[in-house]
Amino acid sequence: MNDLSDREERPERPVEADGTAHLFRALGKQIKTLREAAGLLQEELATRLNVGEDLIGAIERGVRTPQPDLLERADRILQARGVLLAAIPEVKEALKRTRARHPDWFRSYAAAEAVTQALHAYGHQGVPGLLQTERHAREVFTQRRPLLDEETIEKRVRDRLDRQQVFERWPSPTFSFVLDHNLLERTVGGPEVHREQLQRFLHIGQLRTVELQVMPYRRGAHTAMEGSFTLLHPKGRQQIAYHEAYGKPHLITDPDQVRVMAERYGIIRAQALAPDESFALIEKMLGEAG
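With this note's numbering applied, the sequence shown has no gaps in its numbers, which climb one by one up to 481 at the end.
Keep in mind the hints are simulated off the structure, nothing from the lab.
These figures come from a predicted structure and were not determined experimentally.
Derived DEER-like restraints, expressed as beta-carbon distance ranges:
id, residue 1, residue 2, range
1, N373, I279, 37 to 47 Å
2, E376, K287, 39 to 49 Å
3, A471, I279, 42 to 52 Å
4, T333, T238, 28 to 38 Å
5, P407, G381, 17 to 27 Å
6, E376, T333, 13 to 23 Å
7, A217, A412, 45 to 55 Å
8, A301, G418, 14 to 24 Å
BS3-like cross-link-like pairs, simulated, lysine-lysine; straight-line CA separation at most 25 Å:
id, residue 1, residue 2
9, K287, K426
10, K220, K287
11, K223, K283
12, K426, K283
13, K283, K220
For glycine and all other residues, C-beta sits at the position ideal for the given N, C-alpha and C.
Could you put together the complete structure from these sequences and hints?
In structure tokens form, the structure reads like this:
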């Protein structure tokens with residue numbers, strides 16, 4: 192199944208052991224060694240590459256995939272003399288294998304997300320994957336049942352963080368997120384990881400391509416009490432919707448069903464706190480968490 196489908200099924204387990212984790216860990220160590228040899232801090236390299244410092248750190252730890260264009264620029268800036276350029280063919284092949292190992296339902300969704308022109312998401316019980324920090328994501332996968340082995344956890348963390356590169360695209364998609372109040376209080380991974388997650392909300396919410404709102408407790412019942420969902424507008428296609436519960440995905444393309452979910456999202460955005468009020472609440476809770 193290569194096209195988007197409204198078929199609802201239980202996902203097959205993706206093939207995890209494809210060897211890409213070792214490649215990206217080794218490449219991350221190479222980049223770190225070259226950076227230190229050049230006398231640069233992570234922040235300084237990030238500035239020269241025009242990316243975030245957290246991206247450099249994640250690449251060096253092997254949990255974010257360095258894209259070929261970043262490797263080209265890094266090879267020049269770090270005076271690597273072609274060492275990083277030589278890895279580009281293997282990186283491209285590894286990226287293909289990473290995409291191919293996902294089951295059909297997620298491959299279709301991920302492909303749509305990668306080229307979407309607009310993404311709108313409501314987070315109810317869990318933080319949307321695009322907003323999760325590395326340590327938050329690792330804790331989520333660590334708590335999965337049945338238990339995942341360590342290599343599988345690291346692969347899934349890397350895959351989740353790689354999806355976040357959609358924020359770095361230009362021209363950028365339009366993003367909006369509505370977060371249920373409980374997500375500001377659930378201390379996934381402990382106080383330190385929770386503070387980091389709250390800071391992540393503020394960081395993403397400050398992007399001029401993003402609108403972030405909080406659905407406060409005082410609102411009471413609202414139209415999206417059934418759970419999280421995402422709306423996508425893939426380039427050249429009609430809007431689609433996605434939600435999952437207990438590991439069962441639902442990729443929805445039927446126009447009537449998508450329209451209902453779009454109306455639901457519009458209503459909860461009107462019911463949620465305004466972005467500035469949401470920021471004030473998150474900052475207040477960040478202060479209390481400290």
